[in-house]
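4 protein chains.
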Amino acid sequence: MDYQKILNTIDEELSYRDVSGKVASYIPELAKIDPRKFGMHVFCGDNQHFSFGDSDELFSVQSIAKVFSLSMAMRIMGEDLWDRVDVEPSGDAFNSLSQLEYENGIPRNPFINAGALIIADILVDQLENPEQELLDFVRKITQDNSINFDPKITASEKETGYRNIALVNYMKALGNIKCDVEPVVDFYFHLCSLAMSCKQLAQAFMLYANKGKILGTEEQVLTPVTVKRINSLMQTCGFYDEAGEFSFEVGLPGKSGVGGGIVAIHPEQYSVAVWSPILNEQGNSSLGMKALKRLTSLTGVSVF
Amino acid sequence: MDYQKILNTIDEELSYRDVSGKVASYIPELAKIDPRKFGMHVFCGDNQHFSFGDSDELFSVQSIAKVFSLSMAMRIMGEDLWDRVDVEPSGDAFNSLSQLEYENGIPRNPFINAGALIIADILVDQLENPEQELLDFVRKITQDNSINFDPKITASEKETGYRNIALVNYMKALGNIKCDVEPVVDFYFHLCSLAMSCKQLAQAFMLYANKGKILGTEEQVLTPVTVKRINSLMQTCGFYDEAGEFSFEVGLPGKSGVGGGIVAIHPEQYSVAVWSPILNEQGNSSLGMKALKRLTSLTGVSVF
Amino acid sequence: MDYQKILNTIDEELSYRDVSGKVASYIPELAKIDPRKFGMHVFCGDNQHFSFGDSDELFSVQSIAKVFSLSMAMRIMGEDLWDRVDVEPSGDAFNSLSQLEYENGIPRNPFINAGALIIADILVDQLENPEQELLDFVRKITQDNSINFDPKITASEKETGYRNIALVNYMKALGNIKCDVEPVVDFYFHLCSLAMSCKQLAQAFMLYANKGKILGTEEQVLTPVTVKRINSLMQTCGFYDEAGEFSFEVGLPGKSGVGGGIVAIHPEQYSVAVWSPILNEQGNSSLGMKALKRLTSLTGVSVF
Amino acid sequence: MDYQKILNTIDEELSYRDVSGKVASYIPELAKIDPRKFGMHVFCGDNQHFSFGDSDELFSVQSIAKVFSLSMAMRIMGEDLWDRVDVEPSGDAFNSLSQLEYENGIPRNPFINAGALIIADILVDQLENPEQELLDFVRKITQDNSINFDPKITASEKETGYRNIALVNYMKALGNIKCDVEPVVDFYFHLCSLAMSCKQLAQAFMLYANKGKILGTEEQVLTPVTVKRINSLMQTCGFYDEAGEFSFEVGLPGKSGVGGGIVAIHPEQYSVAVWSPILNEQGNSSLGMKALKRLTSLTGVSVF
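Protein chains in written order, with the working numbering: chain A, 747 to 1050; chain B, 747 to 1050; chain C, 747 to 1050; chain D, 747 to 1050.
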C-alpha cells in the first residue's frame, strides 16, 4: 500500500479552515498554540515512515501520555492494578464525581482523569523518581533521548489544576490514594506536559502495534497480554464521550489529548499520530478525527 | 483450524458447577429455566457448523434481539436514526434516568433499554405490522421459518414491564417518542421474547460476520457500512457494565441477553452463540463469558 | 389589625406589570389564562373576611390540592403513611428520578409529584370512590358545595401527563404502588384540576390555622398532631425549589400551585390565598410571593 | 412556666441507655468521647438559667459553629452574600458534588459543608485575622472570654479533612473560591473545633432568640432581618437529612453538630442547648433530638 500517497491525499483534502471549534483554553499556555498547525505521521511495521505537514513539531501530548503511565503501572502491578481502577467506559463526564462516590472511589477506567490520578499515585508510591523513570520509559520506547517535559505547560497545569487536586483529595477521603496529594498531582501535571512530535508519538506507539516489542531492537517491553489490555482500553475508552463514534468512524484503538494530538494503532500493521489543535465539542481534535477516518477509509482496513 | 476439537475442549473444561450466580428472575417465566443448560454453536464463513450440548434448544434471546430491531431501523432511517439515539457507551445503569433528562431524552445507545424503546417506536411508526415484519426479518437472515415468539415470555414481560413503560412515558414527555405508548412497549415485549437456539442465533449473526450478506444466497440485506456500525456498537456497548471486560477478554463484537445467551462474531471468519442461564453480577451469562474467552484464546484470534 | 387596609395597600402597590415571567404552559388549558388576573383573600380566626381583586374567580388550584389528599390519607393511614413517603425537603428537581431509584421508590415528601402519586395510590386503594370523597372532603372543610373539578383541565392533564405516568410506573417497578397505574393517575389528574377561588381556598385552609377544626361548626376534622405535621411540611417543602426563600421572606407555612395560586396560614390567626398566574423561574406565582411578603411585613408577624 | 421542673423530668425520663447509635468517628479525636455524657441548658429571655447533667462540660461544637461564621459573613456582605451561596434545603448528601457542578459551584445553603466553606473563604478574604475575630465574636455574644478552639480537634480535622479540601478545590475550579485553598480550610477546621458547653451555647444563641441583641447589654450585634434569615435557615436546613423531621417533632429553628450538640431557639422566649454524643443515622444526637422533642411537648409551644 502506498501510504505516502494516501497521506498526500489527506493533506490536500483537509485544512484547518474546514473545521470550526476552538483550541483548548483550560490552561493558558495551551491557548497560545497556532490553530493552523496540522501534521501527520505513519510508522509501518516494516520500519517505513510517512508524513506530511508539521509532523516534526513538538506539541503538548496531554492525555495521550496516560497510555505511557498506565503501561508502567501494569508492569509493576500486574492484575492487582484492577482492584483500584476499573476497565469500563465512563459514559459521561457530568456525573463523574457522584459516580466515584457511588463506586467507593474506584474510577471507571484509567483514561478518565480520576483513573489516571490513581495510576499516578501507584507510580509515585512504587518508584524512586517517577518523573525521571517516565522520561526514561518514553525515551526508550521512542528510541529518542531528546523527549522532555515542557516546563511552561507544567507550570500552567499547576496553577489551574484545582479540579484534579479536588479529585485526588476526594479519592483519598474514599481510601483509594496512598501517597500525599502533592507529589501525585505533581507527577500528573508533568505527565500531561510531555512534549512530543507526531513522529515521536508514532514511534512510541509502535510498541502497541507490535505486541509489546520495540521495533528494531525487538526488546519485549510489555507482555502481549498487557498490550492487548491497553489496546482494548484505547478502543472502548480512548476518546472521552466520543469513544463510540471513533470506534465506528475509524475502527482502531487510539487515544486523544486536548493538545490536539491523536494516536491510533493497527495491530501488526502501523502506528499513526496526527496533530491539529482545533478541538470539537467532545474535546478531540476535529481535523485529527477526519484525517484518521480518511486514513482507514483510503487503506480500506479497520478492525471491524 | 479444528473448531470441533476446540468446542469439545470447552465442553469438557467448563460446567455450570464452576459458576456461582443466578438465573434471571426479573420476569417469572425466565426464573423457571434449568440452570444446568449449556450449549454452543460456531458457524464458519466456509459454511461449516460445529456445536456441543444444548445448542439446538430454544431459549429466550432477550436483549440479543435488539440487534435485529436496530438493523431494521437502520435500513429504514439511515443516518437520520442518530438524531434520536446516540452511539456512546452508557457507563452505568444507576443514573440512566437522570442521564436521559440531562440529555433531553436522547438515549446513550440503541442497546440500553431506553435506546431499544426508541428503535421500537421507529418500527411501530414506520411499519404496518411490526411484529410480523420482525419475524420475517429474523426468519430470512436465519434461513429458518420456524422461529417465533414465546407467548408465555411475552405475557410475563407485559405483566411486569413497569420500568420499561416508565421509560417510554418519560421519553414521550421529553418529546422523543412519536407513537402511543402501548404499541411501542407491546412490540418491545415481543422483541425480547423471541425464542431461538444457539444454532439459529449463529446463523442469524453470520450476516454481521459476512458484511451484510446472507451466507449461501449472498443476498445483501444490510450495507457493509450498516454492518460496520452495528459491529462497532456491539464492541463498545453490547455487554451492559461489562463491555470493557468483554472487549478485553474476548476481543470480539458481541451481544448478550439476560436469558443467558451470548452471540459474538469474528468478521469474515465465524459467528458464534453460547447459552447458559446462570448470570454474573453484570447480568451476562457467566459460563457463556468463559466459553467465549476460551474460544478466542484457543483459536488465538481477537481483533486486537 | 386593619386587614382590609393592608390588603388595599398591597392592591395599590402591586400589579402584574411589575413582574416578568410566564403563565404555566405545561398543559395547554393553563396557557389560556389571562395573565392580568390578581386577587387575594384573608380569612381571620374571628370569622372576618377581607379581599381585593379577582378573589372570587375560580382558577385551577393544581398542587395546592395535594394538601387535601395528604390530609385524607393521614386520616386513613396515621403514622403508617410515613413508611411509603418521607418528610424531607427534596432539594432539587433535576435528579428526582435517580433519587427515587437510590431511595428504593420512597419519595422525599408528599408534595413533590412522586409523593403526591403515592398519596393518590393510597386513596384509590382505600376508598370506594376517591374522586367523590375528595370533593366531599373539600366541600365540607370549605363549607361550600359548589366546588368541583374543571373537566377541561382534567382532560388536558390526561393528554399530556406522560411524566407523571412514568413516575407511577417507575415506583410500581420499585414496589411502592399497589393499585393499577390508570386509576392512580386518573385520580391525580382530577386532584390537580380542582377549581377554587381565593375565598374558597382561604376558607378551606382555615382548618390548618385552627388546629384541625372547621371554624364555626368547630367539628374536629383532623387531629392537632396531623395539622402540625402538615403545617411543618408546608413550611419545609411547600414551594419546590423556593422553600427556603419563602420560609424567610414570608415566614409562614404555605403551598403553591402552577395555576398561580398560593395559600398560607398563620396558626390561630388567619388563612390567606392569593392568585396571579404569572410564574417565576421556580414555578411559583411572582406577584403572589410579593403579596404574601408584603402581608407579613405590614402585619409585622411571622413565625420567626 | 417551671422550666427547671421540665428539665428534671427530661433528665429522669431519658438516658443514653435508651438510644442505639454511635459516637462520631470520622475524626479520631471525636471517637474518644464518653458516650454517657448528657447535659442540657435553657436560657430564658428573662435572664433565668436552667440546666441538668453535663451542661457545663466543654465539647466540640462542630457544625453548630457554622451559625457564627454565617452571622459574621452576613454582617460584612449583606445581601451580596446570596450570590455565592443559596438558601434552599439540599435534599440529600449522596450527590452533593454533582449538584455543585450542575449549579456552577453555588452551594445549596450555608450549612452544608460546601456552603460553610464559601463562608470561610469570605471571612478569610475580608478579615485580617479570621480565627481571632471568630473567637472575639463568639466570646462577645456569649459574654465569656474563656471560649477557645480545642487544638487536638483542630489537628485531627486537618489530618483527615480530604473531603473538605476536595470541595474547596472543586469550587475554586468552578470559580467560587477567591482565596488560596489552605487558609480557607485552615479557618474551617478551626471553626469546627470550637469547644463550648451547653451553657455557653445557650448564652450565644440567645442572640438569635432576642432579635440580634445581646441580652443584658442590649447591644445590637445583628440586625433583626439578619436574625430572621438565619432562623429561617436553621428551620429549613439545620439538620442535614432530618430537617423535615426536626421541624415537625420540635418545631423550632435549630442547628446540630456531629459532636453531639444541638441548639434551638424559641424567638423571644428562650434558647436551649443539649449534648449527648451518640448519633442517629442522620448524624444528629439521638438523645438530644428526644430531649428537645420532650421540651416543646412539655412546654406546649412550637412555631406551628
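Bear in mind the hints are in silico, worked out from the structure with no lab data behind them.
Warning: the hint list may mix true and false statements.
The list treats identical chains as interchangeable, and a pair is accepted whether it falls inside one copy or across any two copies.
[Said to hold, decoys possible] List of simulated lysine-lysine pairs, DSBU-like, C-alpha gap at most 30 Å:
#1 Lys1039 x Lys751
#2 Lys957 x Lys904
#3 Lys1036 x Lys957
#4 Lys751 x Lys778
#5 Lys898 x Lys924
#6 Lys778 x Lys924
#7 Lys924 x Lys783
#8 Lys904 x Lys751
#9 Lys1036 x Lys751
Do the hints match the structure? See the list:
In this assembly of identical chains, lysine 1039 and lysine 751 lie within 30 Å of each other by CA distance solely inside one copy; the values are 16 Å within and 40 Å between copies. Neither within a single protomer nor between protomers do lysine 957 and lysine 904 lie at most 30 Å apart by alpha-carbon distance, with minima of 35 Å and 47 Å respectively. Taking the shortest Cα distances, lysine 1036 and lysine 957 sit within 30 Å of each other both inside one copy (27 Å) and across copies (24 Å). Taking the closest pair of Cα atoms, lysine 751 and lysine 778 never come within 30 Å of each other, the shortest separation being 32 Å inside a single copy and 61 Å across copies.
Both within a single protomer and between protomers do lysine 898 and lysine 924 lie at most 30 Å apart by alpha-carbon distance, with minima of 28 Å and 24 Å respectively. With identical chains, the CA atoms of lysine 778 and lysine 924 are at most 30 Å apart between copies only, with a shortest distance of 25 Å across copies and 36 Å within one. In this homomeric assembly, lysine 924 and lysine 783 never come within 30 Å of each other (Cα to Cα): the closest approach is 41 Å inside a single copy and 36 Å across copies. Taking the shortest Cα distances, lysine 904 and lysine 751 never come within 30 Å of each other, neither inside one copy (42 Å) nor across copies (58 Å).
Only within a single protomer do lysine 1036 and lysine 751 lie at most 30 Å apart by alpha-carbon distance; the minimum there is 17 Å, versus 44 Å between protomers.
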